[in-house]
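Participant: Here's the letter readout for the chains.
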Amino acid sequence: MLQPRCKQRQAVEKDLPCYERVLTVSGDAVNKPGNYLVRIGSLYGDVVEKAAGGITGDVGKILCGGPMMGFAVGSLQYPVIKGTTGLLLFSQNSPLAHFLAEETCVRCGRCLEVCPMFLEPTVIAKAVKRRKWMDAAASDIASCIECGCCSYNCPSHIPLVQYIRMGKQFIMTGGSGGCNPLFKN
Amino acid sequence: MDPIKTPARLILVSSSPHIHCGSTVSAAMRDVLLALVPVTLSAVWFFRLEAVTVILACCLSAVFFEALCQKVMGCAITVKDGSALLTGLLLALCLPPGLSPMLAVFGSFCAIVIGKQVFGGLGNNIFNPAHIGRAILLASMPQQMTTWLPPVHSFIDNISNAFGSINLQYQQQKPLTLLIQQSTRPLQPLRSASMPSVQQLLSLCCACLKACGKKDKRQTNCQICGRCFSEIFRGSLGETCVPAILLGGLFLIWRGHVDWRAYPSIICLPFSL
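Top line first, the protein sequences correspond to chains A and B. Under this note's numbering, read the first sequence as residues 1 to 185, first letter to last. Under this note's numbering, read the second sequence as residues 186 to 458, first letter to last.
I should point out that these hints are in silico values taken from the structure, not numbers from a laboratory. Please read these numbers as outputs of a predicted model, since none were measured by experiment. Glycine included, each C-beta is placed from N, C-alpha and C at the ideal position. Just to be clear, a hint being listed does not mean it is correct.
[To be verified] Sample of chain B residues at the chain A side, in silico, Cβ under 8 Å:
1) Ile-196
2) Pro-202
3) His-203
4) Val-303
5) Leu-307
6) Asn-309
7) Asn-313
8) Gly-434
Model the full assembly from the supplied sequences, consistent with the hints where possible.
Facilitator: See below:
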């Protein structure tokens with residue numbers, strides 16, 4: 001998101017807006033991974049085809065951003081915006097394209113050890129699972145920065161960040177989940 | 186007719202984070218099993234058939250009871266993660282050698298079904314299942330659980346002939362009894378009910394060191410401590426070889442499953458109470 005100094009100087013000296021940014025295109029499904037200067041508004045598909053030399057094989061995962069905090073999308077028909085830092089494409093064989101089933105929490109405590117906000121991710125996720133919004137709020141669910149360190153280290157492959165994010169949405173909409181039809185209360 | 190084409194796998198749209206460190210519960214169980222290998226081997230070495238029967242009975246029945254219990258409860262059978270095998274091995278190492286296999290199987294049943302599955306399976310148990318099994322066995326069969334067999338003598342004689350420096354002697358009593366009998370000064374318990382201050386703990390450590398430092402008693406104290414490491418006392422299968430236990434503990438610390446600060450703090454706990 002932060003623009004480099006040269007861009008800031010360009011903005012101040014030449015009175016130019018931010019219309020291009022450096023994008024990292026990487027992953028094992030692109031032919032020429034690298035950092036490319038692209039215009040804001042270009043489609044991901046165009047960036048991959050023209051700059052990164054195209055896709056090698058079957059794509060299994062498309063990430064906007066980084067592998068820890070980036071979000072996955074279902075196609076390449078999205079534009080580059082000012083905040084797009086990276087575009088990662090992974091093939092079907094890559095471990096990122098495999099979704100591992102969630103197992104029971106063994107209370108190992110690794111998520112507590114690595115949380116940068118000193119929270120208890122497993123406690124919050126369990127409260128969200130049981131729909132105890134007050135307990136989740138009491139465990140300080142609002143302080144979670146969704147960095148993903150907890151899920152990264154969980155040996156039971158529990159999607160802790162996903163539970164916490166869902167919990168935040170439920171709490172913000174007063175327990176109803178908002179207008180998302182997939183949330184059944 | 187054209188063969189049915191399987192649809193291509195779709196693009197996965199999942200929540201962040203999208204990478205994983207690769208740790209699994211099975212890997213953790215495997216590491217603990219590896220850490221217990223030296224102790225198991227030493228138990229088999231010193232007690233031969235009695236150890237093998239107890240260990241096999243406990244491990245196999247633990248796995249069997251977990252599969253049976255999960256099938257009866259209608260849950261997915263998760264024997265593959267190795268936790269039942271680990272519980273069986275831990276229980277076996279807590280039992281005295283020569284325990285009848287039926288009692289070992291009963292202990293496994295108590296450990297797995299009552300100590301673990303009843304609470305909800307892996308991760309939901311309050312107690313250590315192996316010790317629940319041992320506690321139930323001890324309460325119900327105290328006679329069988331406190332008859333300690335001597336180690337196999339032929340092995341001992343061969344080893345003491347081969348390694349003259351290591352004094353592998355078989356002791357009649359448990360090490361704690363020996364220490365109490367031959368102790369120079371009983372440790373005074375801290376009378377105050379509050380947490381001991383650092384100064385009090387330090388003075389207690391100094392008192393222990395002074396007791397060790399008394400010239401006439403130093404040799405016996407050092408000997409007793411040293412003998413804990415080199416001799417084989419009467420005990421359960423896992424108690425007999427201290428270096429093997431230490432090796433397992435160091436392995437677990439190295440692999441990162443145990444914080445090294447846990448061991449000294451547990452050892453210092455009785456001194457501070």
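Participant: Are the hints correct? Go through all of them and say.
Facilitator: Hints and how they fare:
1. Ile-196: Hint on B:Ile-196: holds, closest Cβ of chain A at ~5 Å, below 8 Å.
2. Pro-202: Hint holds; B:Pro-202 Cβ to chain A Cβ min 3 Å, cut 8 Å.
3. His-203: holds (5 Å)
4. Val-303: The hint is violated - B:Val-303 has no Cβ within 8 Å of chain A, the shortest such distance being about 15 Å.
5. Leu-307: With a closest approach of 6 Å, the B:Leu-307 hint holds.
6. Asn-309: At 7 Å from the nearest chain A Cβ, B:Asn-309 passes the 8 Å test, so the hint holds.
7. Asn-313: For B:Asn-313, the interface hint is violated, since the closest Cβ of chain A sits about 13 Å away, which is over 8 Å.
8. Gly-434: The hint is violated - B:Gly-434 has no Cβ within 8 Å of chain A, the shortest such distance being about 18 Å.
Violated hints for the displayed structure, listed by number in ascending order: 4, 7 and 8.
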